[in-house]
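The task is simple: from the sequences and hints, build the whole structure.
In the order they appear, the protein sequences are chains A and B. Under this note's numbering, the first sequence has 308 at position 308, and the numbering climbs by one with no breaks. Under this note's numbering, the second sequence has 1286 at position 286, and the numbering climbs by one with no breaks.
It is worth saying that the hints were derived from the structure and are not from the lab. Keep in mind that a hint or two might mislead.
Unchecked claim - Mimicking SDA-like on lysine to any residue, the simulated pairs with C-alpha atoms at most 25 Å apart in a straight line are:
no. : chain 1 : residue 1 : chain 2 : residue 2
1   : A       : Lys-252   : A       : Pro-199
2   : B       : Lys-1126  : A       : Gly-587
3   : A       : Lys-570   : B       : Thr-1148
4   : A       : Lys-403   : B       : Pro-1079
Since this is a predicted model, take the numbers as computed values, not measurements.
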Amino acid sequence: MDIKLLDVAPTEVEKGAVDLLLGPPLSGWDGGERDALTDTRVAEGGHESREDRHLLLPVLWAVQDRIGYISAPALAYISKRLMVPPAEVYGVASFYMMLATEPSPPRVLHVCEDIACKCLGSDDLIATLQERFGPEGAVSTDGRSTWHRSPCLGQCDRGPAVLMMEAGLEPFTRTYAPASSGTAFASLAEEEGVVGTEPAVPNQLGDPSLRLLRRIGVVDPWSLDDYRAKGGYDALRNAIALGPAGVIREVKDSRLMGRGGAAFPTGVKWEAVAQQPARPKFLICNADESEPGTFKDRVIMEGDPFSLVESMTIAAYAMGTETGFIYLRGEYPEAERAVQNAIDQAYDRGLLGDDILGEGFTFDLEIRRGAGAYICGEETAIFNSIEGFRGEPRSKPPFPVEKGVFQKPTAINNVETLINVLDVLMKSGPGYAEMGTQGSTGTKLFCLSGCVTRPGVYEVPFGGTLRELIDMAGGVPDGRELQAVLLGGAAGSFVRADELDIELSFEAVREAKTTLGSGVVMVFDDSVNMHRILQRIAQFFRNESCGQCVPCRVGTVRQQEALARLASGKPRESVEQELELIAEIGGCMRDASICGLGQAASSAVESAIDRLGVFKGGAQ
Amino acid sequence: MSDPVMMTPKRMVEVEVDGQAVKVFEGQTLLDAITKVGIETPTLCFGDTLAPKNACRVCVVEVEGARVLQPSCSRKAEPGMKVHTNSERVRASRRMVLELLASSVDLSTTSVAPEYLAAYEARPEKFGPQAPPDTHRDHHRAGHSAETDGQLAATVYQGKKIDNELYMRDYSKCILCYKCVDACGEQWQNTYAISVAGRGFDARISTEFVVPLPESACVYCGNCIQVCPTGALMFKSEHDLREEGEWREEEQTVTTTICTYCGVGCNLELHVQDNSIVKVTSPPEHSITHGNLCIKGRFGFQHAQARDGAKK
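Printed below as a string of C-alpha cells:
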C-alpha cells in the first residue's frame, strides 16, 4: 500500500510515545531513517506492519496519554508505523470521546452529567464550574487544564463523579467520587492531596449468602496469595479435573444466562465456540460497562480482580481459546490498574501464558482500553474496536461464535457472567441451578442508584421482588415518595411505583414487558424532574450513536428534539402529535436499526410516556 | 462476462416473497429474490459494484420469525424464509427513514428521492423548520452535543468544499452511504484518501484533519463521484453549470467510446451538452472496469475542448 502522508515530522516526544509501544521502526518503510542503499530497492515490513493494525487504539492512547491529543505529526507517524492510511487513523481517533483530535491541554476533567449523577447534584457542580472556571472546554490561565461533560462514569453509587486525565511522561487517570466542587477545583488546580476513590465495599459485607461479592472488601485485591487463601484458583483445579467438555457440560447444566443484557445461555455459546473447527479462537471479556446506572463490573474488577482472570482462564481452557482480551472502558482507571496487576501476577506464577499449572494449555490475556464509546459495549463493535477500526457494529449473521474478532470464532462474555462460572465449578452445574428460579438460575448483581438511602451493588438470588431489593437499599429518603424506577439502564424501561412487586427474573420481567438489562435499578423520588431525566437519556443516545445507520443516527436526534419541545411546553402542533411522532420514530429505530443501541434507544423514553404517563398528566 | 471459469453447481434456495415462491442461488440476497419476482425495492446505499453496507436501511423487509426488519440488500436468502415487502411495518420504517434523511440532508440532486418520498408519502417537514448550516460541523467533539430546544430540525448542512479544479464536495447532500469510502479504499481504488470521521449525527466523510483534497492521498480517479447516489460529490464542470442554471440533462447526449490513454481500453461514457463534454462516466456493468476509471479517463477530456479558453 502506498500511503501518502501530510508533510509533517513528528517531534521526538511524539515519536517516543509511539515507539515505546511499538518498538523502534525496522526500516525507512515503516517510519525509520531512510537508507538510500537498501530502502530504495526492497520494500519490506509492509505486511508485518498491517498485521499490527489491532495496535491502533493502544498507540492512539499512547499519544493521547503523552501529549494530551492526537496531533497531525503523531497521526502521520502512527500511520506510517502501522501502514494504516491517515484518513482511517483520523476516522478512528475522532470516533472516541476520550481521544482529542484538536489541540487540548494535558489535563482534562471529565464531569459526569448522566442521570444518576443528575440526581446527586451534577447539574450544580457543572453550573459552579461554568461560573468559576469557565464554560466547557475553557482553558486554565496556565494552559494546563480544562473540563468537559461526560456520559456516565459508572460511579452512580457515589456521584456526582468526575474523572481527571492527565497526559505527560507519567500519565495518570483518576476518579473522584463523590466530587464536591472543591474537589473538582482542587483537581483542576493540581493541588496536592486530592484523594481518589477507593474500591467500593458492598453494603452486604459479611453476609454469608454472598457468592459473587463474597471476597469483595475481604480479599486484598492486589495480592494473588490472599486471593488463593480465600479460595481462589480452586475452581480452575476443578475445571482441569473435569476436562474441557466437562466444564462446558457443567456450565450448560447450570443454565447460566449472560448478564450483559441479552441473557443468552452461556453454556450454549461456549459449546458452539468449542465446536468451531477454525483456529485460532478468541475469548473476550466485555468490560465496557457503559450503560448509565451500571457499575457492578467496576466493583468486581476493583475489589476482586483475580476472580475475573481465573474465570477467563477456565473459559479459555473449556473452549480452547488461546488468546483473550478484556475490553475495559477507559473511564475505569482504577479497575484497569487492579486487573492489570492481577494479570501480571498470574503470569508470574504460571497461571497465565504457556503450560498453565503444568497442564499443557496456553492462555494469553491482555487488557484493551476503550476510549469513551458506549457503542463499544456492543459485541461486534468491540471486535472492530480491537481490530483497529471504528467501533461500528457489524451485521449479524454471521454471529461471533462463527466469525468474531479477526473473523475467527469468538466467545464474548460480560464480567459478571464470567465470575459466575467459578461458582458453577465449585458447586457443579445442577448445584448452582438450585438457586434462583426455573428460568433464571443463580444470583444477580443489581446496581442500586438514584434516590435510595444506601446505593451500591446488591447480590440477590433471582426470584425476589423489586420492592425487596429497593428496601434492602433503604428505600427512598425519609419524607419522599417513590416516583419511578428505571430498570435495565438507559436502554431499559421505567416502571411505576405501583409495580414494585415485579419478580426479578428474566422470565417475569419479560412477562411484565420490561427488562433487567445490565442490572440497573435507578430509583427516582418525587423531587426529580422526569422531563430532565428523559431529555438526558435522549441526549445520551444521540451522543453515543455510532452514526452508521439512518434510523439511529437521525432518529436519536429527532427524538431528542421532540422531547425538548414537549419539556419546554412548546410542541409543534399539539402534545398528542408530538407523542405520536416519538412513537413513530421509536418504531423505526426499534425495527430498522442495525444494532441493539438503536433498537433500544427509544425504550426508556417510550416507557416513561406509556407507563409513567409523563407528558400525559402523569409524572413530571 | 465470458470468463471461462468452472462454476461449481450452486444449490437453489426457495423463499416466499409476498406470497410468491421464488428460487435464487444460495448466497444471493433477499433483494435478488424480491427483484426476481418483479417487485421494486428502494435502495440508497446499495451499489451493485460495491459490497452492500446496509447503512441506509431503506430496503428493509419483514422476515417472518425475525425480531427486527432485515436489510434486503445484504441479508442472504435462506430456505423457507417468508418475506413481506409491503407490510405496514415495512412501509412505516421505510417512510421514517426517508423522512429522517430528507429532513436532515439536502436531497435536491438525489435522483431517486422524489419518487421514493412520494411512494411512501413521506412528510419530512413534520420535524419542523430546518436548522441553518453549521460552519463548525467538521470539528465537533465525539460524544458531545449542545442542548436543543427542538424548534429547529438539526441538519448536516455545511459549506461546500471546492478545493480543486476537478471535483466539488457538498456534504450537505451526504447521506453517509459509505460508498465513496469503499470505492476509494479497499473495494476499488486502494487510495484511502477519505474515511468516515466523527460519530453519530456528527459522522462525516473526511480526509485526515479535514485537509483539502490536494493535500490528501486523493488521485482524482473520480470513482467516488461515480458511486455517489446524491450528488454530494460532483464534477466541478457539472456543479458550475448547475450554479449558472445551465445544466440541462435532458438535452445531453451520452456517447460510449474507449479511452485512448493506455492499453487497458476502459469504456467511457461522454456526457455532452452544447457540443462540449460536461461529465464522464463508465458503465458499472462493464466486466473490466466496473464503472471505475483513472484521472486520465475521467478528467482528461479538457484537452479535447479546451473549455476554459473556449468560454472566454
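| said: If you test the structure against every hint from before, which numbers come out violated? | reply: 1
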